[in-house]
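Novice: The hints should help you fit chain E onto chain X, whose structure is shown.
What follows is the residue order along each chain.
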Amino acid sequence: MINTLYNKEKKITINLKLLFFLTKKMYNNINDLGGFMKPNFINFNNPETITIPIINPNDYTIIPKIGDYVYKGNTIAYNKGDIKHYIYSPISGKIIDIVNKNCFFNGISNTKCIVIENDFKEMVEELKGIDKNFNTLTKEEWLEKLSYAGIQDIDSKLPIFIKYSKNIKKMIINTCDINSNDILNNYIVKNYLTELLETIDAIIEINKISECIIVINKYNKEIIKLFEQKIGTYLKIKLMFVSDYYLPKVDEETILENLETLYYLNDNLKYDTPFIEKFITFSNKENFVLKVKLGTSINDIFKNLKLEYTDYIIGNKISGVKVNDLDLMITQNITALNAYNDSQNEIFKCIKCGKCALKCPMNLLPKEIIRFKNNKEKLTKLNIKNCLECGLCSYNCPCNINLFKEIKIIKDGMNE
Amino acid sequence: MNNLEFGCFKKSKLSLRKINLNILISLLPLIIYACFLYNVRPILNILIAFLISLGIDFGLNKIFKDEYKLSFNLNSLILTLLLPVKISFIVLIGIIFIFKISDYFLKKYNLLNINILVLIILLYILLFDTYLVQINYKIDDLIYILINNHTDIIAFNCPFLLLVSLGYLLLTNCLKWRITLSYFITFLSLAFLVNYNYINLLNGVLLFEAIYLISNSETTPIYKISQYCFGILTAIISLLFYKLNIDYSSILAIFIVCLINPIIDRIYVWLKTK
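As they're listed, the protein sequences go chains X and E.
Residues 1 to 416, numbered by my numbering, are exactly what the first sequence covers, in order.
Residues 1 to 274, numbered by my numbering, are exactly what the second sequence covers, in order.
Just chain X, same shape as in the assembly (with noise of 0.2 Å):
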């Protein structure tokens, strides 16, 4: 009798051991949000050739010709209107090549591409220290800085020094936007917050800015005990905690900046090192972090990671575009990389539930949008200028029907 009661007595313990597990299992997930945030970082900077696409070839000027030898960093073309854009060489090498090839820029596109091979010295022409009064700087010494550096705003996708030139009063950091990449969010504030916050620091300084919010997700406890810590002395810079997503209302003298970009943009302040290398994510049952010089080519990239896919899908598995060409080079616009495996989408008729109006962040109607496709004035009634693209709607269908596919394709058509 008493052995069965202490029997009872070491099950209810080892029960309570293995519930006190898995509860400070699931707070720790909840907490890295399923595991999401301990990406492996690869850093990818040897491939053999690099494509760089010039977008546009007639607006730019090419500056070397086939044969010709570049430096890491040396202009290979030019913007030839009053917007300075300036391309420059990732790599140090042999021009192998100028052809047309397929490019990925909202959607696919063929142009002209300069092709380099590499030597693999990473020569380059002029060594330059490290700038340590970089907050010192005139915003028209900035400015004039910014318009050789080569960035572009992901948003508008204008060379950066656009955006900077006006008068600015606010500053929103936001990480919790619809295009934001969470896992390259997380990885560059645990590997670099210190230098971001430099850069933030010196942004407000130089554009006189008085009020920086940095918009974070709440449910990110890592992220903001790792803010709260560093952020003491910076008294300008404020934390704003949201649930899920933030869209924020951009006036005039407000400038919305993503932490990508300020990465990029402290490099620039930093070394003076123009925008040749990009951060991009890649999913299959791992997330990685690559950091990859523009213009690798994706089929480099599947060969270094030893992964065999045809198809993949470029942004994210929502509201990306599903592409099975090898040959796309990473350009500017490229966030993020998903190797796919192809599901089964069948397409049933709609049984009119309505998840896709009552799930749009917008509050639009993506069947209404769909009926007056052929109305543009109802289908501006309806506000399609709005929808965020952010793919919830074929998300949150039962039915398979992918409503994001036809509403991006209606709403092109508008803007053209």
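Just to be clear, a hint being listed does not mean it is correct.
[Stated by the list, open to error] Reference listing, derived: stretches of chain X covered by chain E, where coverage requires no fewer than 3 residues with Cβ under 8 Å from a Cβ of chain E:
no., stretch
1, 376–382
2, 404–410
[Claimed, not checked] The list that follows gives simulated cross-link-like pairs (lysine-lysine, DSBU-like), each with its CA atoms no further than 35 Å apart:
no., chain 1, residue 1, chain 2, residue 2
3, E, Lys272, X, Lys411
4, X, Lys221, E, Lys18
5, X, Lys170, X, Lys236
6, E, Lys13, X, Lys378
7, X, Lys317, X, Lys190
8, E, Lys224, X, Lys317
9, X, Lys169, X, Lys218
10, X, Lys349, E, Lys11
11, X, Lys349, E, Lys272
12, X, Lys373, X, Lys322
13, X, Lys84, X, Lys139
14, E, Lys224, E, Lys243
15, X, Lys378, X, Lys157
16, X, Lys349, E, Lys107
[What the hints assert, rightly or not] One-sided and incomplete, this derived list gives chain X residues near chain E with beta-carbon spacing under 10 Å:
no., residue
17, Val321
18, Lys367
19, Cys399
Everything labelled a hint here was simulated from the structure, so no lab data went into it.
Every value quoted in this text rests on a predicted model; they were computed, and no experiment measured them.
Using N, Cα and C, we set each Cβ at its ideal position, and we do this for glycine too.
Specialist: Coordinates of chain E only, in the frame set by chain X:
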């Protein structure tokens, strides 16, 4: 650019199959309770309905050369639960036959606003007129009604289990709860105007209608506000019919409002884009 395939490459967990499965799970307690009351007869009815609907599906798809998909048709199950348990097998087979064929053609020709389930029940009432046994409840019977309603219809037998099913469907997000809620609230708040006996609210008929008939996804509006309007309108028409002494007022009201449900959506969209 239009040849590219845009999202969605990842799906939420709520699929059509999962919704159907959840509705089936929510009906299981009722079926088990019916077996406790009537032995194997409910299971026999359900099996016959299932096999007949499967056979008709298969046959129709072969004749019209559509792609055949083996799926358990939940509507034929709900229909079986709405018919008296001791129904003759020939009548049951006939009803399921008519239901399946009309359902197939309505879906094929996109006439989805006709609530075929309610229509078949109305036809059954017209033909046989033995649908519900009217019982005069007393106040003392209140708890007893909730547990055993003494009707021969499985769906209305145990209102308490229907409440459990309602809870399950709400938890799994498989119900257009706005319709159910607005229907209930309007019914409760306006019933005194027509001298409605409030005890009848507990006899299971209203509950089953509100959960499984009125919130049928295909025959109800899509948008939030139109769903509320739909529920309110159904309750008002139902009470109006009750006042006019029309039998089976609520089922008739559901059928009529389902017929005009696209208009409610259209009005909402028209107002939004005005």
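Novice: State for each hint whether it applies.
Specialist: Checked hints:
For the stretch 376–382 of chain X, the stated coverage by chain E holds: 3 residues have a C-beta nearer than 8 Å to a C-beta of that chain, and at least 3 were required. Only residues whose C-beta sits within less than 8 Å of a C-beta in chain E count toward coverage, and the stretch 404–410 of chain X has 4 of them, enough to reach three; the restraint holds. Distance hint between lysine 272 (chain E) and lysine 411 (chain X) is fulfilled; the C-alpha atoms sit about 19 Å from each other, no more than 35 Å. Taken as a hint, the lysine 221 (chain X) and lysine 18 (chain E) pair is honoured in the structure, with Cα atoms around 33 Å apart against an allowance of 35 Å.
A distance of roughly 10 Å separates the Cα atoms of lysine 170 (chain X) and lysine 236 (chain X); the hinted pair therefore holds under the 35 Å criterion. Taking the CA atoms of lysine 13 (chain E) and lysine 378 (chain X), the gap is near 33 Å; set against the 35 Å cutoff, the hint holds. The straight-line distance between the Cα atoms of lysine 317 (chain X) and lysine 190 (chain X) is roughly 24 Å, inside the 35 Å bound, and the hint therefore holds. Our distance criterion of 35 Å between C-alpha atoms is met by lysine 224 (chain E) and lysine 317 (chain X), whose separation comes to about 28 Å.
With a C-alpha separation of about 26 Å, the suggested pairing of lysine 169 (chain X) with lysine 218 (chain X) holds against the 35 Å cut-off. Restraint check for lysine 349 (chain X) and lysine 11 (chain E): the C-alpha separation of about 17 Å stays at or below 35 Å, so the hint holds. Proximity of lysine 349 (chain X) to lysine 272 (chain E) is assessed by CA-CA distance (about 25 Å); at most 35 Å being required, the pair is judged to hold. For the proposed pair lysine 373 (chain X) and lysine 322 (chain X), the alpha carbon gap of about 23 Å is at most 35 Å, so the pair holds.
With a C-alpha separation of about 17 Å, the suggested pair lysine 84 (chain X) and lysine 139 (chain X) falls inside the 35 Å cut-off, and the hint holds. Between the alpha carbons of lysine 224 (chain E) and lysine 243 (chain E) the distance comes to roughly 29 Å, so the proposed pair stays at or under 35 Å and holds. Between lysine 378 (chain X) and lysine 157 (chain X) the CA atoms are separated by roughly 29 Å; this keeps the pair inside 35 Å, and the hint holds. Taken as a hint, the lysine 349 (chain X) and lysine 107 (chain E) pair is honoured in the structure, with Cα atoms around 9 Å apart against an allowance of 35 Å.
For valine 321 (chain X), the suggested interface contact is upheld, since its CB lies about 5 Å from the closest CB of chain E, less than 10 Å. For lysine 367 (chain X), the shortest C-beta to C-beta distance to chain E is roughly 6 Å, which falls under 10 Å, so the interface hint holds. Given the 10 Å rule on beta carbons, the hint for cysteine 399 (chain X) holds: about 5 Å separates it from the nearest Cβ of chain E.
Checked against the numbered hints given earlier, the structure satisfies every one of them.
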